[in-house]
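Colleague: Each chain, written out:
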Amino acid sequence: MYNSEVRGRLIDGDKSYSQISREILAPIHAKTPLWWYGALLVSLSMFGWGLYCKYITVSTGIGTWGVNNSIAWGWAIINFVWWIGIGHAGTAFSIFLLILRQKWRTSINRAAEAMTVVAVFCAALFPLLHMGRPWLFFFIFPYPNTRGPLWVNFNSPLFWDFVAISAYLLISASFWYFGMVPDFATIRDTAKSKIKKAVYGFFSFGWTGSSREWLRFEALSFVLGGIAAVLVVSVHSIVATDFAVSVETGWHTTIFPPYFVVGAIFSGFAMVLTLVITMRAMYKMNDFITDRHVDAIARVLIFISLIMGTAYMTEIFMAWYSGSEYETYMFFRTRLFGEYAVQFWTMFIANAVIPQLFWFKAVRRRMWMVFVISIIINIGMWFERFNIVVTSLSRDYLPANWASYSPTYVEIGFFIGTLGMFLTGVLLFFRFIPMIAISELKSVAKFDKPNNGKLKPATHE
Amino acid sequence: MTKYWRSLDELNAPVAFRKNEVRLEVDANRATMKKAASSSRRDFLKTLGFSVASAAVVASCKRPVDKAIPYLVKPEEVTPGVANYYASSYFEGNEYCSVLVKVRDGRPIKIEGNDLSSISQRGTSARVQASILDLYDDARFKTPLKRGEPTTWDEIDSYISQKLSQLNNENKKVVLLSSTIISPSAKKVIGDFQQRFPNVEWVQYDAVSATGILKASELSFGKAFVPDYRFEKAKVIVSFGADFLGTWLSNVEYTKAYSSGRRVMKKSDEMNRHYQFESGMSLTGSNADVRVPIKPSEEKTILTALYYQLLQAGGEFTVAAPASPVDLKGLVEDLLENKGRSLVVSGSNDVEIQLIVNAVNHLLGNYGTTIRTEKTLNTHQGIDADFERVIAGLKDKSIAGILCWGVNPVYNHPKGSDLKQLIAGAELSVSFSDRKDETTAACHWVCPEAHYLEAWNDAEPKSGTFSLAQPTISKLFDSRQVQESLLKWAGVEAPNYYEYLRKNWTENMSGLQRKYTDGRIFWNEVLQKGVFEPGIEFKTLAYSENGLAGALSLKQDAASGWEVVLYQSMALKDGFAGNNPWLQELPDPIAKISWDNFAAVPVKWAEENGVQNESVITVNGVELPVFIQPGQAPGTISVALGYGREVAGKVGDGVGKNMYPFTSIENGAQKFWVSGAQVSVTDKTYELALSQTHHSMEGRPIVRETNFDEWQLDPAAGNELKAEHDEHSVSLYPGPEFKGHHWGMAVDLSSCIGCGNCAIACQAENNIQVIGKEQVRNRRIMHWIRVDRYFSNDAENPEVYHQPVMCQHCDNAPCENVCPVSATPHSDEGLNQMAYNRCVGTKYCVNNCPYKVRRFNWFKYVGNDEFDYASNSDLGRMVLNPDVTVRSRGVVEKCSFCVQRIQEKKTEARVAGRKIEDGEIQPACVQSCPGNALVFGDLNDPNSKISNYFKNERNYHLLEELHTLPSVGYLTKVRNKKA
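Line by line, the protein sequences give chains G and Z.
The numbering used here puts the first residue of the first sequence at 1, with every later residue one more than the last.
The numbering used here puts the first residue of the second sequence at 462, with every later residue one more than the last.
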């Protein structure tokens, strides 16, 4: 039991173990609030619109998008990279903060991991449906076949992309799910309705809370965590090689893998902020997710934002230093001061300048400001991907091929659909899953009572 | 009212009784229904059995079998899967070309150039290439028509021959209105016809005639003819608005000659210098060494000044030369240095201008060297004034009947709408058109002629140069050659033009040669070769200054306001093939716009007036979209003819604006420019299908260029980067090795004129789909070979570059390593291949190609009503090449170096047990290139032409600094500016 006197308390409210369980499970046992239905309706209609746009895409063709023979990747890939980036935070949160022994993560990691799983699902839709013939997507599997020596191309980053994303999805979903097993058991034990008992009982795998189970649970968490830690780095590095391996100006750059990983964590942390601030506000979780939590994330964002700024500067410097006329043109006459200046500066200001406001405690302590900045960061990160994908292709080597690109309603609808899918997932998470890892939170709970410090049996009452 | 009851119950308690009755009825019904609906186990099994059986039957059903019936007696020359080539002759829209028609399994599918012809010399133009698609045009007439309703030939024949006799007896005139006829046999048929009906007058009418030249030579030489220009002999070429590489007279022949005079491969090679004076930027002007933008009204002044200055320089003249708006000093020097080796031409239809041109050429001694008067070009014989007489005759009813053959004056005459009424009002109006057009719509009778690929014919495009045309497929529809129709009406019982033609050739033409005494052998020989060039000696004509004095006396009005120049578009020429989707989608070689004509406006004016591309301006009340044309002469606007067809078919209807009403008839000749035009800017915009939007190379070494004098000093001039890149070319990996063949292609940028023939040849060969205006605008054009066009230097008068770009078949291809499914591997002969079956359409390769030559199938383009062009009907799909896969939606495609042709020749060589000869394999673009700019061959053969091209100091690779190791080389562009 964690019981240092040096550090402050991680959660407020002087809560007992049973109080913790009760309060976190309250939304699950309570009657569904009306706003939830309203929000679900909105997100499901967004999701439905997305489904319609996907139907158009598959039945008529990618021609319904705005992409062309010069800029063959557009919103679909921008959004793919964006979602994958967001999908980074959960696991990064759990793993990196675990390694760094940041115990405050326990209030947030459940929500972050949930976000990861939903975001990766959203992301995975894009590369699948941006294929010309998505019904043949299985060609990308290295499966034994009757087509002679035909095999997938192990040189292609896209193949590794597919491998990395599916592995990441699998691991992060398992990591998330297995972490929830003890909490499901708690719900099972506290639920009054038979159906709830049966359902959560099924998902808790007959968890009894015995020491042996806790031992195995810990072991599994470590193993999955270990694998996931590697994947966090690999997934976005591989996504980065999709671009870095190419010969296109603005893509062909070795800085991309670390730059992408950091960028992904950046957008993921921002999205975590958006999410937990919402959670706090809607479910009155201020005692568990304290201002100090938000403060800590905001401080991390300052640091990552500085790395982002450095990366942008490095790219610009290298473009000039390389002496390559194509690179120079791309950065100085296309992005910085050219046709795409608006997009570039939106990215730069949103990612490298505005987060610096977090230096001020006054900003960090005002939830609405933190919330707004977290949204701005995600918009900025979207523009970063726009800058990479579209500007590079629209001004490449032969000026005869220069083209411009604007999305059609189908692409926009597809994106809105994934937003709807994400929101639906989050809402279901709010409603049916303990938003905070109860068992882990209890491990960091501290009590001001005189007998504090003595071992008390962990209870899942 | 009497109350009836059926039982005591009803009498006592009527309400309860009624209820009971209803309930009983319902119960009974329910029982019946239950019985009917109940399914026993038996029923279930029956249903199950039936559905399983029917599902099995349905699932095992094959798709309907399209029967392929083998020959009962196989013709000797037909082997399934092996193509036959038949020599034939193309003559449409006043353009002649000797061709070979590729016939696969009974279907003509491709036009190739015929290398035996001294005129087209294996070259073709985009229009010739696209003519194969006209054969399979949905707008063709399936039967003869009587006032728009299908009828029979019998009915037509009986009516028309009787009507003709009646008109003959009444002594009413009938006009046979044809476009220029170069067929000696057809002329003979017309003679026969006129003999039978002396009231028939034969008038030739050309949409864009050469009246000016014909009239001027009549004055200067006493005979109306177009002389034989020999550009290959000229060291200095001066053209006043003549687009001789694009649309003027015999453009393929001139392109061959012109580019042969500009091919600089070895030290001793010489190069002609080309001056172009013109208003709009023509294809020819874009290739000129010196291009001078002028107003059309200035043309005569400049020519007069040139004439006088030449005279003065020769010391023969005393009167001061009139002031020229442009400086002619350099030109005069050049011309005087190259007396007898220069050539001055003008595209004007003004007799006086052509008279001065004749005088200048005479002064320079060009007659007899670069211009031959003994040979005449016969492709333009129409005199505009003749047709004006026909209109007058129709108006005053002195002409009672009109037979229209290959003409469309309702569309392409300034008084087209009046003509429509006049033709409809004539006693007899017959059209021989094989497909819909505006004039045919006005005619009472339509007697569709056969397409040239279904017909027999002969031609004499130049005096003493003959060729034959033969059918390559039996008639697709109920059509009949015009010659047979005329013979039939003239009283021949069962006319057979083939017999007629053959008789003419075996009896009359065979006398022109001595080699074959048997006329039949002679006939077979010519039929096989397609051409007959007996080398007859003709007399040269003597020049006289007849009419020159009048022409030189400048009486031109001071022009004010805008001058609008009307030119023939490269793709559609005069508009005869408006329903051809290949041509509609061929980007204009300069503006890179397809599917529309537009107003090309000067740069400066556009800037001053805030006009941008796609703005709409009105020119004399006609709304036109704007293209800001670098090099457009100030105060002028150029608009293409050939657009705005109203009755052309599903593809051509309503594309662009018809500009023929802007033309006028002046001094008996059609004038193709308008002065004093009113131009106003509107707020409207109109979307144009631009396939290239950026016009500058941004200083990148994409087209490397030099000047002739520098090249003479150092053949690697302009190509210094090549050495630098070669020096820095280092790789950690072993270089690619090709043990057998290593295919490569070279593009001579000095010979390429940018005409776009290669794009259409490739389209025909490789089943490339047409995608329509909207998709072209979306930058999704499917052409496997495109011609990039760049401008440089002064926007008011820029230098122009044409660069054909196809798949570079990189030996270190960026596209190959990024495909996750290995759909685009490298062959062991250096080809970058596409496996369509394997492609899942990630488009990663499209992005990673630095040349952007890969094309994605964004939609289903075949058999889709949304893309109702050539491939949406069985008829249109007959043109598809069975050797090339038709790509499905969602896959990437690109140039394959015509791998099917490589394989064909390799197989041929293997069967014959020999090596492949250099030049034997010719991809479609190479085969018919009119500029001989493309060379294909085996890089592993050190003596091949391609290897020599690659060794030439002018050779470089596009973006070679990327180390993609392309198999395509480019030879620097050499201009010949005055030092």
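None of these hints come from the bench; they were simulated from the model.
Just so it is clear, the structure is predicted and the values come from calculations on it, not from any experiment.
Check each hint, because a few of them may be wrong.
Some chain Z residues judged to face chain G by a derived CB distance under 10 Å, without partners named [stated by the list, open to error]:
hint	residue
1	Trp1066
2	Arg1161
3	Gln1264
4	Glu1277
5	Thr1303
6	Tyr1305
7	Asn1309
8	Phe1320
9	Leu1423
Every residue gets a Cβ at the ideal spot worked out from N, C-alpha and C, and that includes glycine.
Colleague: If a hint holds in the structure, say so; if it does not, say that too.
Modeller: Status of each hint after checking the structure:
For Trp1066/Z, the shortest C-beta to C-beta distance to chain G is roughly 25 Å, which exceeds 10 Å, and the interface hint is violated. Interface restraint check: Arg1161/Z against chain G, minimum CB-CB distance 7 Å, threshold 10 Å, status holds. Annotation: Gln1264/Z was flagged as interfacial toward chain G, and the flag holds, the nearest CB pair being 8 Å apart, inside 10 Å. Given hint, Glu1277/Z at the interface with chain G, holds; its Cβ is 8 Å from that chain's nearest Cβ, closer than 10 Å.
Using the Cβ-Cβ criterion of 10 Å, the hint placing Thr1303/Z at the interface with chain G is satisfied: the shortest such distance is roughly 6 Å. Against a cut-off of 10 Å between C-beta atoms, the interface hint on Tyr1305/Z holds, since the closest Cβ of chain G lies about 6 Å away. A hinted interface residue such as Asn1309/Z counts as satisfied when its beta carbon comes closer than 10 Å to some beta carbon of chain G; here the least separation is about 4 Å, so the hint holds. The restraint placing Phe1320/Z at the interface with chain G holds, with a minimum CB-CB distance near 4 Å, inside the 10 Å limit.
With 10 Å as the threshold, the beta carbon of Leu1423/Z comes within range of chain G, its nearest partner Cβ sitting at about 6 Å, so the hint holds.
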